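A.B. asks: Listed below are the residues making up each chain.
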Amino acid sequence: MATRLTLRDVSLSFGGIHVLQDVSLEAEPGTVLGLVGPNGAGKTSLFNCISGHYRPTAGSVRLDDVDALRLHPSRLAGVGLARTFQHPALQLNATVLENVLLGAHSRLPGGPVSWSLRLPATARAEREVRTDARELLERFGLGWAVSLRADELSHGLHKGVELCRAMLSRPSLLLLDEPAAGLSHGEVEQFIASIRDLRQDHDVTIVVVEHHMGVIAALTDKVVVLDHGRKLMEGTAEEARKDPRVVEAYLGVSA
Amino acid sequence: MSGSPRPGAATAAPAGTGGRLTSVLANRWVRVGLALVLVALVLGAPLNMTPYAVYQMTMVAVFAVAVLGLNIVMGYTGQVSLGQSAFLGLGAYVTAYGVTHGWNLVLTFVAACALPAVIGWLVALAAARLRGLAIAMVTITLPIVGIPLARRFDEITGGSGGMTVAFLEAPSWSGLDNDQWRYYVVVLVAAAFFLLASNLLRGRIGRAFAIVRDNESVAMAMGVSPYRYKVLAFTVSALFGGCAGFLYLAGVQYVSPETLSFHTAINILAAMVIGGSATIVGSLLGGLYYVFVPFVAAQVNPNRAAMISGIILLVILFVLPGGLATLPRTVRRLRRGGSSSRAAADG
Amino acid sequence: ACGRDSGGGGGGGGGGEDGGAVESSPGITEDQITFGITTPMSGPTAGPGTCTVAGVTAYMGRRNAEGGIEFGDGRTRTVEIRSYDDAYDPARAVSNFRQMINDGVFGNIQSLGTPTNLAVMPLANEQQVPQVFLTTGASQFSADPEANPYTLGFVPTYVSEGEAFGQLLVDAGEPITVAVLAQNDDFGNDYVEGLESAIEGSDVEIVARATYEPADTAVDAQITDLADSGADVFFNANSQHNLAVQSLLQAQQLGWTPRVFLPSNTSSVTDVLEPGNGGAFPGVFTTASSKDPNDPVYAEDEDVVQFQEDMAEYSSDITTTFVPHCAWSYAAGAALEEAFTMMEEPTRDSFMEAVRSIEGLDAPMLLDGVTINTTEPGVPPINEVVVTEFNGEKYVESEGY
Amino acid sequence: MSALLELDDVTASYGHVQVLYGVSLAVEDGGAVGILGANGAGKTTTLRAISGMVRTGGSITFDGMSLVGLRPDQVARLGIAHVPEGRGTLGHLTVKENLLVGAYQRKNRAEIAQDVERCLDLFPNLADRISASAASLSGGEQQMLAVARGIMARPRLLLLDEASLGLAPSTAANVYGAIGRLRRESSLSMLVVEQNAALAFTLVESATVLETGRSVLSGPKEELMGKDEIRRAYLGS
Amino acid sequence: MARFVQLVVDGLATGSIYAALALAIVLVNRATGLINFAQGSMAVFSTYIAFSFVQTGLPVAVAILLAVVVSFFFGAFIERVVIRRFEGGSHDVAVVVTVGLFVLLAGISGWLWSYNHREFPSLFPLDSVPVAGAAVGLRNIGTIVTVVAVMGLLQLLFLKTKLGLALRAVSGNQTSSALSGLPVGRLLMIGWGLAAALGAIGGALVAPKLFLTPSMLDFALVYALAAAILGGLDSPVGAVVAAWFIGVAENLAGGYISFIGDDLKIAVPMALMFLILVVRPQGLFGHREVVRV
Ligand SMILES: Nc1ncnc2c1ncn2[C@@H]1O[C@H](COP(=O)(O)OP(=O)(O)OP(=O)(O)O)[C@@H](O)[C@H]1O
Ligand SMILES: Nc1ncnc2c1ncn2[C@@H]1O[C@H](COP(=O)(O)OP(=O)(O)OP(=O)(O)O)[C@@H](O)[C@H]1O
Ligand SMILES: [Mg+2]
Ligand SMILES: [Mg+2]
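Chains as they are written, first to last, in the working numbering: chain A, 1 to 255; chain B, 256 to 602; chain C, 603 to 1003; chain D, 1004 to 1240; chain E, 1241 to 1533.
Hints listed in this document are in silico derivations from the structure and should not be mistaken for laboratory results. Computed from a prediction, not measured in an experiment: that's the story for all the values here. Treat the hints with caution; some may be incorrect.
[What the hints assert, rightly or not] In silico DSS-like pairs for lysine-lysine, Cα to Cα no more than 30 angstroms straight-line:
#	chain 1	residue 1	chain 2	residue 2
1	A	222	A	242
2	E	1400	D	1099
3	E	1402	D	1099
4	E	1400	D	1110
5	D	1099	D	1110
6	E	1402	D	1110
[Unchecked claim] Computed footprint of chain D on chain E; a stretch qualifies when at least three of its residues, placed anywhere within it, have a C-beta under 8 angstroms from a C-beta of chain D:
#	region
7	1334-1343
8	1415-1429
9	1519-1533
[Stated by the list, open to error] With beta-carbon atoms standing in for the labels, derived distance ranges:
#	chain 1	residue 1	chain 2	residue 2	range
10	E	1389	C	998	43 to 49 angstroms
11	B	358	C	882	52 to 58 angstroms
12	E	1372	C	996	37 to 43 angstroms
13	E	1352	A	130	57 to 63 angstroms
14	A	109	D	1017	35 to 41 angstroms
15	E	1389	C	996	41 to 47 angstroms
16	E	1500	C	898	42 to 48 angstroms
17	A	15	E	1500	48 to 54 angstroms
18	E	1352	B	356	48 to 54 angstroms
19	C	998	E	1388	42 to 48 angstroms
20	C	705	B	294	27 to 33 angstroms
Here a beta-carbon is modelled for each residue, glycine too, at the ideal position from N, C-alpha and C.
Produce the entire structure from the sequences given, and follow the hints as far as they go.
C.D. replies: Have a look at this one:
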């Protein structure tokens, strides 16, 4: 039940600065869409428009049949959206496990009353997500860190914790903002492997922003290139790599 | 106050992170045993204490509930509230009204919790749209406006002279003094509220509160509506404030506009932080602090008691910036080689 | 003389253990008696609060230094005074009172504050602990000795002060308009109530009213409104020094110079009239009953000299500056002493009996002619309210409107 | 030519958790040294140790002076600019103000103004947003700003912590190219932490590899690039 | 009309009392990122220092000037020995520390100078001038003018000077500032020192009207806080405008809306303030903080 993501003519501006202009794109259910472009092109802003953190000045965002712009941003998790952040935003004083458990919010049943009374159903659900969370952390090689405080982890590992947090909600659409930034070459390989692995187990649509072309090439089915808030081209990673406009605007001659 | 959203500077860590605590405590039976001893102490104590000590313990429970309420909205959810005294006072007034009008005690209690909760909810519906200190601003008005309001409706409130309300006398079958009986009632209610709060704050809702405090953008991405959870936290906090108001009247048997004062709100806030923000035990310790520090200060020099409580406050926070609840952690760290982490904090 | 149902000592507030002939109450021994004062010693009311402790401490300090006071039972005892800070918070006053009992004091004296004392009153009477000579003009404390046998006020009630001034206006026998500024609590209400009851049915009419909160920093706007009425008299039921001065100054600035009434709390020549330029008004009236220790007029006065000396000697660590409450407290010391000399048994009941038997006591620091009487039920020990008028130098008995 | 910066058997810990167990390296005057290592190896901590941000043991000398026990601002005033990991910008200030804060220790206003211009030439993205608050910039733009702020100090030694993080490939290459030019022009020395080893090697002459808080390998870049395990872990292909 | 003008002028005068304190709150907030509940007692303490100088026979202006200097060092001292320990930690704790300081300083003032009111001489004469049918006291004018002047100076400090930039940088991110060589500790001390010095000016300005007691500014502090927040916490102009707004709105509400009356008039500016904040959460003159994800 992966989600189909459809953007139509999305535009966004902040007081005269046009961050996005008429961007349309589509991510087929179950595929991985790569979003690339130079710094300040509007990739993160586009994610923010999808997740409701920014409100597009024009255009539409649909998750399957749901008009995302009509829902309150906090409802989107309920229809299967999950995301990570370019700059990891963990609760530094909480343990890694607590951080990941937060991802289960939309999955867990019950309101304040049933939780303060600890009804059996809530207790059971809580046990279940705790097990899931540990499993996820294991899978991404972070099992050892479960009970460490998040600020005791080095910067690079925060990305992994964030990914686990997003996955715990069992999303059908996952937005990853530079998930491989700060990983060394060897670690990037591992990361690619675990995402592939994940795709096999979960039916999920992924949109990934990444400057690491190796990751883009290895993971994506389709690539959209943004430049100055406009869509520059759309195609496979290989096509993008060869497109002279992309080389000029983004990759640079030496790459 | 959580003015600027600095990611690094969130509030104190949740209790019990330390993990490998003394292994003895890990044993379930040891823990159960300890808990039983504690319960026995709490229940047995009033039988052997002076009436004043019983009264003090009663007030500890009263203010622990008030502090806990504030902790929910401020410690756990990060929304500064300077109006907890208003809910406390309102709860006390509602109780006074119920008692003087012959309502059933349980009904009075429910009303004393519910009315502040409703007011808190209404205020929060509007206030939770604001961010950061703007919310503090709105809550500040509660005591400021509450006091003249309480004076104005003097047929209900007794005006500035306040009301003495005698209720909750010990039934004769109990063989207890009034003070003892009130102690048991107050402690029982307080314990129940602590249990409810601790359940609420662990798990789904507690995590949602925490992320609203730490990062609203992430909260939204996780399906937590900051607005709704702020409203919830405010409402629960007001409810606890109202409950504390009921207990307050049970203990003091008197209420006046002064109960609502901003000063009380600030003291509750101080007690919350000194006890330990975002910890359950911290709220209890905050209640102890609230009641005993003025007492201790007066023992040192009754004419300079306020000044001395100021010193005590500063000293406690100097030694334990995370509040009294971090005492065990700090002791453990000091024991483990005395390597203070000064340098890391220098940045 | 004192109507009290001291029938059964069954309630047993203070259970003495040793079975002597007369069981003494807690807080009194062969050679000492201990009292507690719960009063604001921090926060905005700390000024008057500390004074209520300082005055009686100074008085008793002198007596103790002289070897103590001879009680009615023939023993000589020293008097210990303990203070408890309540910051004007009734809950803390209750807590303090309970602590006093726990600490074994004999009784609660002098405490300042209406809500705080009201909160304590039922407890005091339930526990049969004296709560006397309270520094508050609220009428409840002296009004009903039947219901509250252990409670007694001290200074004239606010109502009677307001009434006395109202009477003065009525006696003028001409139509007079009055503008009223009142503190929005029992303090202000009582004054206004007294005024209203005195002028009822007369030609004197209240034409403008305003209130302020004790917490306000300014009353300019209220005065502006009152001045608009152009009333002949400005009745200023104000307990805050700064606001009293402000209101005088603002009235002058607006060109409104009526006759002014000031309550005993805030009528000091040096502290209020001088900074407030009281000479600008055709008449400033008050009902003060004590001498103002700050006023150079009294610099040579025997009482005041002694008072200054005792304060410097025995309570300089409590306060070094004075408001009328210091003087009242000092005078209350004398009233206590009088009660001690009449107290035949070392018990609270005997004490209360003595307390309610004082007649015509000339206490130090009270204005000439003002005496302490406790035999008349329903009124506070100082009940003579004399309206005095500022003559440009000091207050003298008023000759009428 | 003696070493400008010398770390000898440096240890560091956060609270009671020790993280570095004896790191040694040296940066010659005018030289550039890289630090490589996996996540959590202690690269950032090494830089923090130099800047006085963690409790350290061992010896750290800069220009013959010991840095151990100095506060970060004291270290900075000696002429060491540290471009921290993550968003090291002052979010509530504008881009321009960030640059001026970078030049805080310098007096000559004309020179500062000139350097601001140079930075804006180097990072055209920033020029467009000169009076926007730093917090509104995109991730990559913030990274550029952090680097620019370091340069504005005209330091003798530049500590770069994953300066290419979040930069587009061409931008990253440009930035490193520019830093290289700067280095040649003003005899700037630098210590560079970088995950993108290929990029780092365009700048540095030698490197140290950290593994769980210890330097396990160091040498000139040609030598390191020749080693198999290095190629596999840090360079690919 | 005259009444209206009078109410407005009176409101401005009262508002200026709040403004004097609010400016110092803004200064501390801008320089250290904290809310300082002790600001009131610090100002009172400084005023007592000025008072002591006056008692030694110095002219008022000189006494105030001396007190300003002494207060600067006093403020810096407080930062160094007390606040320093809590910087970089939780804001809530730091705020409660200032609450502790508030209690402590009030206690010390009461101890040294006792709790009863003291008369503090004013720099300005008692006379008044007629303005549009209203009588405006010179003292009020003096207060208002001084407040405006201080506001202007603060604005200049923050926006035009290097020190101001450094103070702002440090208040936002101490670690990053230190890495640029900003002497964080010293800047924080300067920030507190300036706030204390400003407190001395404000205290001396309002003391003739409020009379000097240890709790002289306790209640004003609440409104000053409200004003600072409404103004935007980082804007001196905002703080002053908001403080005036509170003073004037309160007076007009009390004067013209009879059912509100004198007792509840303060509710009016509070309610209006609330509406303003709903529309402009960053306050009247505050800058919207950009929160990026
Ligand atoms: N809240 C905002 N206010 C003002 N400008 C903004 C805001 N958010 C984004 N922008 C601007 O929009 C542009 C695009 O930003 P965005 O973060 O989307 O870039 P990006 O493509 O993710 O870049 P990067 O690769 O560097 O992360 C930037 O120039 C940024 O300054
Ligand atoms: N505040 C802290 N408290 C305790 N341990 C910490 C803290 N910060 C870092 N660590 C630990 O120190 C070790 C080194 O961290 P450091 O940040 O130096 O790694 P790094 O090499 O820079 O990694 P990355 O490539 O992920 O940035 C890690 O194991 C980390 O868990
Ligand atoms: Mg981005
Ligand atoms: Mg690192």
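A.B. asks: Are the hints correct? Go through all of them and say.
C.D. replies: For each hint, the structure was consulted:
| no. | hint | in the structure |
| --- | --- | --- |
| 1 | 222(A) - 242(A) | holds, 14 angstroms |
| 2 | 1400(E) - 1099(D) | holds, 13 angstroms |
| 3 | 1402(E) - 1099(D) | holds, 13 angstroms |
| 4 | 1400(E) - 1110(D) | holds, 16 angstroms |
| 5 | 1099(D) - 1110(D) | holds, 17 angstroms |
| 6 | 1402(E) - 1110(D) | holds, 11 angstroms |
| 7 | 1334-1343 | violated (count 0) |
| 8 | 1415-1429 | holds (count 11) |
| 9 | 1519-1533 | holds (count 5) |
| 10 | 1389(E) - 998(C): 43 to 49 angstroms | holds, 47 angstroms |
| 11 | 358(B) - 882(C): 52 to 58 angstroms | holds, 56 angstroms |
| 12 | 1372(E) - 996(C): 37 to 43 angstroms | holds, 40 angstroms |
| 13 | 1352(E) - 130(A): 57 to 63 angstroms | holds, 58 angstroms |
| 14 | 109(A) - 1017(D): 35 to 41 angstroms | holds, 39 angstroms |
| 15 | 1389(E) - 996(C): 41 to 47 angstroms | holds, 42 angstroms |
| 16 | 1500(E) - 898(C): 42 to 48 angstroms | holds, 45 angstroms |
| 17 | 15(A) - 1500(E): 48 to 54 angstroms | violated, 40 angstroms |
| 18 | 1352(E) - 356(B): 48 to 54 angstroms | holds, 50 angstroms |
| 19 | 998(C) - 1388(E): 42 to 48 angstroms | holds, 46 angstroms |
| 20 | 705(C) - 294(B): 27 to 33 angstroms | holds, 31 angstroms |
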